[in-house]
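Please build the complex by placing chain B on the supplied structure of chain A, with the hints as guidance.
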Amino acid sequence: MNKRQRSTRCLGAAVSIALLAVSACSSAGSQNLAQPSGPLTIGMSLPLTGPVADVSRSGYQGYKLWASQVNAEGGLLGRQVKLVVLDDGFDPNQTAADYTRLISQDRVNLLLGTFSSLLNAPASAIAARQQMLYVEPSGGSASLFTRGFTNLFFAQPGTTTSLPDQFVKWITSLPASQRPATAAYVTQDDPSASPAIAVFQARFAALGIKTVYSQTYDPSTTNFDTIAAAVARAQPQLLIQGAVADDGAQFVRSLEKLRFSPKILFQTNAPSDDTYPAAIGAQNTQGLFAAEAWSAKAAYRGNASFVAAYTKMFGVAPTEDAANSYTAGQVLAAAVKAIGRIDQKALAAWLHTHAVNTIVGPLRWNSAGDPEGSLLLAQWQDGRLQIVAPQSAATTTTVVNPKPGWAG
Amino acid sequence: MTELGQALVFGVLAGSVYGLMATGLTLTFGVMKIVNMAQGALLIFSAYLCYTLWARFGIDPLLGGFIVTVPLAVLGVVLYKLVIQRVQRIDQGLTIVATFALALIAEAAIALAWGPNPAAATPRYFNQAFRIGSLTVPRAQFYTCLLAVGVTLALQAILKRTWLGHAITAAAENPEGARLVGVEPARVGAWIFAIATASTAFGGAAISFLYQFTPDSQDVWIGLTLSVIVLGGLGSVPGAFAAGLLLGVAEAITSTYISVRWAAAVPTLPILVALLIRPQGLLARATRQDTGT
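From first to last, the protein sequence lines stand for chains A and B.
With numbering that gives the first Met the number 0 applied, the first sequence corresponds to residues 0 to 407, in that order.
With numbering that gives the first Met the number 0 applied, the second sequence corresponds to residues 0 to 292, in that order.
Same shape as in the complex, but just chain A (with noise of 0.2 Å):
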């Protein structure tokens, strides 16, 4: 072998190994061994046009925020964090093809979660495919976690399936005088609402409440007339309504339109929503129940500065969809700082045996990735939506029971 064969084979060998080296650095679920210099890429697919975008927009602030701040206090692994954002216009198959792109193309090191689960449903699957992590602002249809993936975390307190229980748990309570003989079940058919109303009947049929009114309707129903005319024909003492938006609203007119008003009502999404009570006459919304993910009057750590921060960011308070992102932010930020590198099965593996602190409480999910706690019960009391259940993040020890009529 001469002196240009030897070089030649050298050279062969070293880029052999640097490919190898390359190989090894790409290959998903152990990425960045070498510790890359350069920003840290965060990926993300956000409607953030078409018919949820100003929904999608404060969510997209809660990101941004925490992006700030972690940059701020010197990044994540040493790198400054960087949001890589695309708009799917609230399109699942769009959805689908920006996470493809930001993992294929884009190579972004760790990706976050869009909103609802019409859109998470093909994004988190995308992910599993790439075994990478993904954690959801929102997105809690009991349906997300029975599809066996092990990288999918919700960053709330609890899913569709656990939406019931502070309120069931309240009920249970009640001196059995006082307690609900009689119930109807109205819901919208929408995954984060029709599953939990039948958890709701299940639970209280087992309590003995006799359900004497239920109905499915479609998302498309803009007249609940009909409806609630025969709720009222049925006199149920306890009304539960799965509301996905802005057919709360229009479901509460037209009982208040009938009279009927129930001793206790519950409605599950839309009287949280900022519009809600203009729609419905501000007295009206006396003694509503509600499930909240996040309160700003809750007193987990760090959740007054989260409000402070934003509002002074943004200019306005922030949102339930605001804070869900920036819990996201959270909890992929407590996970890559526990193992210290970008490896997508180790931050995994830690989530899943690790519980983490948020501003809507400690955070802690089974194999699933279902968070292991339940969301919160709110009631409306003099025009605030105040926290009655869980203890922990009660804004009030008043409860509201029964209902006052309707006022006007």
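By construction, these hints were calculated from the structure, which means they are not laboratory data.
Any given hint could be a false lead.
Short derived list, chain B residues pointing at chain A, Cβ under 8 Å [unchecked claim]: (1) A6; (2) T135; (3) V219; (4) A251; (5) R260.
Bear in mind that the values here come from a model prediction, so they are computed numbers and not experimental data.
Heads up, the beta-carbon is just placed ideally off N, CA and C, and yes, glycines get one too.
This is chain B only, laid out in the frame that chain A set:
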């Protein structure tokens, strides 16, 4: 019996609102053969104007509807002159694309002006009701029903008792014949568009206090109003009112006795039946099809 009576009351009241919302569309479709896909956007625009008059100045939305007719009539003429007339010269069929584009632009403009959050006016009567025996008659819907009857009668009077009305009717029924007696269908077009968009103001006023609405709520109403005018007969204002009542009652009966979920399919079923048995619609007369413009 009370159950049936209540369903009929709700059906008639809801149906009159449907008829009210479709009056503008039936004029443009029936007379000008233009499927105005911007009708839903005009309804929502009108709803926002009425809501703003109520929220800012305390003007009752029902009264606001009358006020809003003026700017909407002007808007109708502007849209006709700037867009519809020009597009018609190229290809009559392109008007559906042009009005669809207008609907998209209007939705974006409304979102920019009022934001994406739901709005709803709550005048004093919005959640009140009359009691007639065991039946409940919601006041807001009852007033809207009266408004729908009034608008239908007024438009019918304009169509039957004024020269403009005769010109519109002539242009609708026999464009070639209308030309022979000095009525140019294209010139009548601006008037029809003005009347059609002005009458949309009342439908928007009804939406403003009967429902919560957002800039994209037009999607809900365009399908329904198209169903109403096909069932009622193109160009027939009383037909639109009657078709609205029929759909409203059918929805209420279906919701009460079959399922709320089936109620969503109601608008399509009577249309299928009507198209098979009476294709010209409930109250429109069958006309010769060999006299097109």
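- A6(B) as chain A interface residue, shortest Cβ-Cβ below 8 Å: holds, 6 Å
- Message: So, as I understand it, the hint says V219(B) touches chain A; can you test that by seeing if any CB pair is closer than 8 Å?
- Response: The hint holds - V219(B) has a Cβ within 8 Å of chain A, the shortest such distance being about 6 Å.
- Message: Using the nearest Cβ pair, does A251(B) come within less than 8 Å of chain A?
- Response: holds, 5 Å
- Query: If you take the shortest Cβ to Cβ gap from T135(B) to chain A, is it below 8 Å?
  - Reply: holds, 5 Å
- Message: Restraint: R260(B) near chain A, CB-CB cut 8 Å. Satisfied or not?
- Response: This interface hint holds because 5 Å falls under the 8 Å limit.
Comparing the model with each earlier hint shows no violations; every hint is respected.
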